[in-house]
Amino acid sequence: MVILWTDALIYLLIFAIIGLSFYLGRKPQLKRPLQQIGNSKAGMLSLVILLFFMMIGLLDSIHFKSNESSAKPIISVLDYWATPLRITGEKTYSAPFATHLFNKENIVLDDGRKLWEYPRLQYGGAHLKNPETEKLTDIFLKASIGFIKGIALFAFIIILSLIPAIKKYLIVPTLPRGNSSKDAPASRDAGASQTTFPRGNVGTIITQALMKNSTMKAVWLLVFFLISITYMLIELSAYYHILGTDKVGEDVFYQAIKSIRTGLVIGSLTTLIMLPLAITFGIMAGFFRGWVDDVIQYVYTTLNSIPSVLLIAASILMVQVYMANHQQEFTSLLVRADMRLLFLCIILGVTSWTGLCRLLRAETLKLREMEYVQAAQALGVKRSMILFRHILPNVMHIVLISVVLDFSSLVLAEAVLSYINIGVDPTTYSWGNMINGARLEMAREPVVWWSLSASFVFMFTLVLAANLFADSVRDAFDPRRAQLN
Amino acid sequence: MINYIIRRFLYALPLLMGVNILTFVLFFIVNSPDDMARMQLGQKHVTQQAVDNWKQQRGYDLPLLWNSKSENPATETIFYKKSMGLFVFNFGISDSGRNIKSDIKQRMWPSLAVALPSLIVGLLVNISVALLMVLFRNSYIEFSSIVLCVVLMSISSLFYIIGGQFLVGKLLRLVPISGYDTGLNAVKFLILPVLIAVVAGIGSGARWYRTLFLEEVEKDYVRTARAKGLTETQVLFKHVLRNALIPILTGVVVVLPLLFMGSLITESFFSIPGLGSYTIDAINRQDFAIVRSMVFLGSVLYIIGLLMTDISYTLVDPRVRLS
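Line by line, the protein sequences give chains B and Y. With this note's numbering, letter number 143 in the first sequence gets 143, and the count goes up by one each step, no holes. With this note's numbering, letter number 155 in the second sequence gets 640, and the count goes up by one each step, no holes.
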């Protein structure tokens, strides 16, 4: 196993999130906002999609050394699973589900004649003898097989999640069921569980356990579609280039999937770098005031006054210079690209902490005049304790809201930065690089639309889900909005 | 008032100094001029002679901060020559040998020609959409327009440009896809970029103005106005809009000076010879002198914007006292 820098930070982030959610899950004051998110349809559906993307990103973050002798010595689990996609490169453009190349070429037949024709693809639909007639049925067949596999997996998941309910259902009859009028407490318990789990009807159990409300129904429906469609795509992509191939013949579907990790890394690691800066400085400026406040305000106004694109451009230029002069430190292409990705996250983090810092400073200024903080001060509680126990927990909702709000804008920013060549390394798979590589394709005749559409659909899905989730988090955690509802 | 403006202006000076030092550190200390020279000349077979030549041609052969060999130890340095000059907008010569200042003077007008109409039209469209949303609040019209806003927000600006160029420029052939011309001939080249900038901004813009209006709508004076018997439209346009204009105006004023800088992607997609495409070219050519100048210029304009915001605040809102 090989752990790249961004991998390590992703693991750290996941541990932090798990730890934090355990810690916060037990806080009574967070029950209402969490429930509100749980009840909002848009919030839960977008969360499912985000988790789905995250799973793909995670699979793509577990790297190991491959023993196949290819150009890429380090591959991820996702790469390993997507091996058929990775190695089935064609010569150049081919349309989605195509069996022939996009351009005509000179083909030399067996008997020596030359033909100006669209040559067959090396891999896409190569198993078909007569593509014109067989293709549609074959696609339909393969899709159905995948769909059925997906349904099987979905059924398995349903059964797994039903286990607790079934256990309960099996336990109920063993409880004493005497005359309900005589021994009150025991029978009331049994009676209660009987009313919530009427026996004998499997359908009711499922409804009771999994579909408590319409939101849960929608979530299960979405999970069903995600799983079955994923399986369908997996099944099909083994035989076809389902989103076509790009200029150098690489599978576009593979590129789009690999880009998920880049987008997520930019969105989340930047936050990881930004948060410590913003929280420390913001709270300190608001709490200590005086010269601390002046210095911190000066620093963030200075950083803020440089247009962020230019600051990022300048910093990335400097990173490029550094990398060009220290080539011996970056042994493989992947390590080098990974370092650049990390640098980009750091730079984005450094340029974007100022907004949150200002918010936190303002909130802390307000909080430090609150009665409970003054009471703590009067009682002689140490300043550091006041900061940790009274101020920090009370600004966390701002932090949370701004983290989820920033996520989508960072994913969008990545594409723009990659387009102007100050984003991720050109060898890294990212939606920005896909767009950058395909920007002239719309001018071709006929139009090569699949690369752009693929990156558009994937990026749009992720960003839309992130935006919707951010909205429901904000609605739930913002005290001003909570009052309105 | 004049006292106040002078004081704000004095506040701006340390900020400029900070930006200057930051760019200096970024461009000369993180990487030495030697590194830059190697990068520009190609890494592999570069002799020290070539590096020295490169540095001497561009005036990078001086010590960074203190020149002990010269009789003016403080002035014969890179910091003095390259960074202090920025304060008086003396940007010097670019790495490819052109005068940056005259380039900027020439290129800022096309940038402004794109950015100013985009801002004004965008503002009008966003405010009208937001007002309509508030007017039809708690209805399906509002709900669907909020959903539409989120969807519009989730599309990358790159796709707006690519899609717009494809649809309007290639399929409908209404306007040229890209290019620029002098004088009034430029109008036909400007329509598409402005249109795209406006459409791309509707999502976030209208949502933002909607929250501003909604905050206003809850206030007491609005209730009074309604109690007087004014219709909802009268309330919105005469009372709410007027009061919400204060945050809108101050939000606009801060970006006004930055309009000169143009937009990086729009200009490069539409090949408009503005400052945005100038910066992109510099980034791609790795022309450090231009990038450094643009960083400084951008900050100066932003700080001017902050100053103008402060002043306009005091002009528009009498509640803000000049203390």
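Source of the hints: derived by calculation from the structure; they are not laboratory data. Some hints here could point you the wrong way.
Computed Cβ-Cβ distance ranges for the label pairs, DEER-style [to be verified]:
no., chain 1, residue 1, chain 2, residue 2, range
1, Y, Ser663, B, Gln122, 33 to 43 Å
2, B, Glu369, Y, Tyr496, 22 to 32 Å
3, Y, Val632, B, Pro276, 34 to 44 Å
4, B, Gln327, Y, Asp766, 18 to 28 Å
We put the beta carbon where it would ideally sit given N, CA and C, even for glycine.
Hints, one by one, checked against the model:
Checked against the given bound of 33 to 43 Å, the beta carbons of Ser663 of chain Y and Gln122 of chain B, roughly 37 Å apart, stay inside it. Checked against the given bound of 22 to 32 Å, the beta carbons of Glu369 of chain B and Tyr496 of chain Y, roughly 26 Å apart, stay inside it. Separation of Val632 of chain Y from Pro276 of chain B is about 36 Å and conforms to the stated range, judged on CB atoms against 34 to 44 Å. Between Gln327 of chain B and Asp766 of chain Y, the C-beta spacing of about 26 Å keeps the proposed range 18 to 28 Å intact.
The structure is consistent with each of the numbered hints, conforming to all of them.
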